[in-house]
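Novice: Residue strings, one per chain:
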Amino acid sequence: MAETEVSKKRKRPIVRLAVLLLSHSVLVSVICCTAGVFGLLLLPVLAKNTYISENALMPGSASSMLSNQEVSEANKLIKELNNLHSNPLGATTESHGIIAKYMSNLGAQVNNHKFHPQLNQFHPLHFFSGPDSGVMQENSTRSLYGINTVGIIRAPRGDGKEAIVLVTPYNAVKGGVRETLSLGIAYSVFSLLTRVTWLAKDIIWLVADSQYGEYAPVAAWLRDYHTPAFSNLDSLNTETCHVGNNNFESKISYGIRRSGTMAAALVLGVAYGNENEDTLGIYAEASNGQMPNLDLINIVHYLAVHRQGLRVKVEQFHWLLNSKWVKSLGEVFESLGKMVKTLNPDWKLGISAADYVEGAATLASSLYHQALGVPTGPHGAFRDYQVDAITLEFSLRISFDRLDRRNDFLLHGGRLIEGVIRSVNNLLEKFHQSFFLYLLTSPSKFVSVGVYMIAFALLVAPLPVVAASLYAKTLDLNPTSEKDKSATSNELGSVLQSWKWLNSVKTVFVVHFWGATVSLLPYFISQIPDSDPTTNFSVWILLSILSLEILRWILVSPSSHIYGLPQGEWAILKSATISSFFIGLGLMSVINFATAEIGALLMVPMALMAHPLKLDVRGQSLRSILRMICNLVLGVISFPPATFFVFKGVIEGFSGIKAGDFWNWVESLWAWNSATYLYIGMVHLPCWVLCVQILLHPC
Amino acid sequence: MAILLSRRSNLLAVVVLLLCQLFLYATVSSSGSVLKQGGGEEFSEELLLKPFPDRKVLAHFHFQSRAPHSSSHGRHHHLFPKAIAQLVKKFRVKEMELSFTQGRWRYEQWGGFDPLSSNNAKPPGVELWAVFDVPQSLVDVYWRNLTHTLSGLFCASINFLESSTTYSAPELTFKPSFGNLRYGTLPREAVCTENLTPWLKLLPCRDKAGLSALMDRPSIYRGFYHSQRLRLTSSESGSDEVDSGIGLDQTLTVVLQPSSWRTGKTYSVETNIQPSWSISSIFGRNIPGKCVIAKSSNVYLQLDNGLVGELKNLERENAKYVANTFESEGFQSNHAFKISVTPDKVFEEVDNLHGKSTSVIYGFSVEKYSDSQPFDLGLTWKIPVVWSCQQAPLHASRFLMGSGNERGAIAISLEPTESSEGLPTSHIIDGRCELRVDIFQVVPWYIKVYFHTLQVFVDKQPRAMADVVDKIRVSPSKDKVSPGVMEMILKLPCGSKSAAFSLEFDKGFLHIDEYPPDANQGFDIPSALISFPSFNARMNFSEDEFLNNSPILSKFQETSPVLSYTEVLLIPLTTPDFSMPYNVITITCTVFALYFGSLLNVLRRRVDEEERILRSRAGHKAGWISQLLSRLSAKLRGRPQEQPTSSLPHSFISFRLVLKILLVASIAVTWQYYFG
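Chains as they are written, first to last, in numbering that gives the first Met the number 0: chain E, 0 to 698; chain R, 0 to 675.
Next up, chain E with everything else stripped away, as it sits in the complex (with noise of 0.2 Å):
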């Protein structure tokens, strides 16, 4: 019967959309990346205004009571260190008998942290191990050691169990006024935490030893405070020493103090600030793009600007700020902002030109920071040990000569913190009710998850789509063929018609084989001695290409391509090369969201579009010159070093570029454990060697 017949042909509905999907690939891939990238550019745009979600937080509603009593006290240590850098000789140990001595008269528990600054190495192995792990290099120089001061206060009557931490860098030999001031700041806080009967946490103020960088000295206090070695044979933190003749402090345990678990950490610092205001710094990006709860921004934020009067910035690309084409688009926006809204006064789109660009640069600095994975300050180390942490830098608009301003600044910023560890003390769970995942726009506006989301999705969504559908084509080929041989004569070439995927699937194995030594080869490189950077650039690459030649040579064995078609290979070849992408941006995507998402924005066109430039050449239609002009400039634009060589002359002119600044951008990425570096090396890469072949397939 006819109808019977219908009704077998008849296909699910799903399976139908997946064929109209198939089908129109070309169209599905325009529109949706043309969407991702539209829905990048209107981040800004939909950015919501931060709010703070933990109740139990409440900033603000209880009045400082930090007063001029404890900023003079403050003066009086910052007088004392300050006198002490007048003769450098003997500062060192000198201003940590000060630091500790001025701890220990305010009632709190001090001691002494000694450490070995750790040497930045490369451990290919160690991506992603947890910081337990951290070994201690046995070659690195005994001689070196820095000495962190511990101040503790307990809370009076609480149990001890969770504590706030307070940062603030000191560097003894080279600190200046700027570092005296936030130590300044951090003791009036402290000195009036030892009196106060509100605490329910207790506080610890770690003066980190920063002569060997910021980072170090927190990283090394942190290791020992969660993972002591104990059986430690070299007894770095077992002597005393004396300090001062006060017998009332007269000994200062090197041995490690501990209080409970860390609820929160503040990092302190002070820039000179060269603007108009008074302003505060957030730096919140800690390594593989994980940010603090946003709370912690958003009370630093509320009580800044609602209770102190600073003025709240967070990091910006400023040469965003001034480039035109962003400026048109926010005029854009704002038009069409303007013309919804006549629609609806209630749809509050549209934000002005001002706004937007001064978003879109917030959003590309945030979104270029979590990328990269390498912390923004100290507040990194917490972050690995699930603590919330941010950095605050104050910077000030006139000279910290001047004492009644000086008196004025450390009232504000010690206010401030004063303010903040309140509400974090009120705080009866950890940080959990505002979001981790997000993206700032500016210090009171962010992108969540689920908006950010959106826009990487569309962008990925063509890359299964496409890489299907020319499966697909392929397979479309074929039966034409076949049905012309008689289906008896040639068992085995439709065994391998339909296994000749494995040969695409082989090369692109191979080339991610060889992604895989190329970020590797780097260790080696870094073991030869006396070589600077621009020779080691050009090693590496000299030993890739070679790497590259010998896993051709001895993989892709030439007997291959016997049974290959050839009109059908590159399409293969591509299809799985998509895929292959497709799953690393997935994996990726979920370990750094912003590493996803820009590497997809760089290198999603050039996938989708990969095509043999002989077939170009050959088509000489517009379209397939257009295609073929495209495919020249996207195969220049994501060769990783291309990228990193044309975004750095963006920024900073293209005068100053030398080769070996890639090998040091490199360099710290991997010596911060970056996710990104090998994402470069594993996904980037190969699929960027792939297409290459795919545009010189010779078919």
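Please note that the accuracy of each hint is not assured.
[What the hints assert, rightly or not] List time: in silico DSS-like cross-link candidates among lysine-lysine, alpha-carbon distance up to 27 Å:
1. R/Lys554 <-> R/Lys93
2. R/Lys381 <-> E/Lys100
3. E/Lys472 <-> R/Lys634
4. E/Lys113 <-> R/Lys459
These are computed hints drawn from the structure, not numbers from a lab.
Computed from a predicted structure; not experimentally measured.
We have chain E already, so just place chain R on it with the hints.
Specialist: Frame of chain E, contents of chain R only:
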């Protein structure tokens, strides 16, 4: 505070009865002379004050009630709280101790060697242990009932100790017992006045007269440490000793900050002078005489041996000063400090083998004071004195190691304190000098401790367990049934600089309804108990009749091991998103709706009829929109598009339908525009 309501009504009745009794008693016996007739029941109240090196003052109240065994006097009591007597009788309690504590005892500053700290330093929250006089099989049942009763009696969630996951039965280290001891703690229990009030109700004078009148709630809760304790001992009626019967010791230990501290600008060097204080400045009240039915009512001022030694040194240096030594009876003023009231007695500790200085206790009797002439003891310092309290032989600290939500480790580190260097090490066993340390630790079941991972480090060298651990008793936790218990008896070599133990654990998962309300705070591991049985926290005084009658001083003379508690630990566990059940319900409902919708659709459809209806509709002419739509739908359906004339289904989207939709849409838009 979870209170068992059913119990509560019973208890209310009990309390009311008790009150009536007290009232009757008070009216009958208004003079102290009747006390002796109280059927052998006694009540005495005492207060000990002690300055601490860190400018704080300890106030230790001790109320003791004794009753002979109830069988000899029927069911009635004159002084002794009936609620407690009934509890002892009903649950066959042999010994029991309940403590409510807020804050931490600071062993480094407040000492850990004397009997006061060994007995009264308790872990934060509630700690309860009890020994029952019943066969072992019944102990758990009696414990459960006891927790419920105490929960009602003290307005606290002690009833949570009923669950077998919260209590344990230590055998080796805690106290010598024969399987009828149970021990449980609630580290998170908040302590407040609602726990103090029922505790005060057990006193014959409540807080209306006597020493307990000092307990001004704001001032005693403003302190740095607050521990209220209740200890019961009962002995069989068979023995004819004086102590037979029930003994109830109620103590309240608070560490307070004299308010004069830092009122002025006293930041710098002058801060070394100790703050002067008086009872009225600390508590805001005076002692209005004794509680009339108390046998004795005394106040003591203790200067510990570190302070006395320091004072003696100062004295020696300034020998030219006045000749009066502070040991001399009746002195109230020397060059270092001044006591405002002349002490009635001075007790000096007899040299306790240390060859060092000994502590001094001044005794004051409150009996001669009254409302019109209240007792107010003050201590005024004249010169700065710096001293330190005697600490336990080893300072124990416990902490967590590792990071992440999967696993971690608990570490206990023991480090010798400064004062331990001079301690006698007379514990030589087999020619080796050894220090015995007992560790008792309870870990909740969701912290899955692997006891085989126990690592021991002495002097930063890993040691085999057998070298150091003398005895160990481990009962691994069972999921949702019992906690993990570890008891260790260690023999540490003398003079070792440090000792550390670490135990690894996995963090378990809880069922969603097992999480407490504030699950995101993390979960507590109760304090571990470290005891040093080879040291005795005991003070020797020269024999005096007075000493035996004083509860505090006789307690000081009892032999008890030096105890210290470690910190409570907070472990963050993985917590689910608690809105998850809602999401699951939503998704499940959607799936069900889809399933039943499609099922109904299949069942309802009659293919022939549909075709016929469609064919009948085919005659209608279709507009261009419907043609476009039908083309799209045909594409979606994967069929070639049929011509409109071929009488196949395209015309279900009729022009009229489209018109209707457009009409409705335009109405909606205008509505939105003008009224939205």
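Novice: Give a verdict on every hint.
Specialist: Evaluation of the provided hints:
1. R/Lys554 <-> R/Lys93: holds, 19 Å
2. R/Lys381 <-> E/Lys100: holds, 25 Å
3. E/Lys472 <-> R/Lys634: Distance ~19 Å between E/Lys472 and R/Lys634 Cα, so the pair holds.
4. E/Lys113 <-> R/Lys459: Status holds; Cα separation ~17 Å.
Checked against the numbered hints given earlier, this structure breaks none of them.
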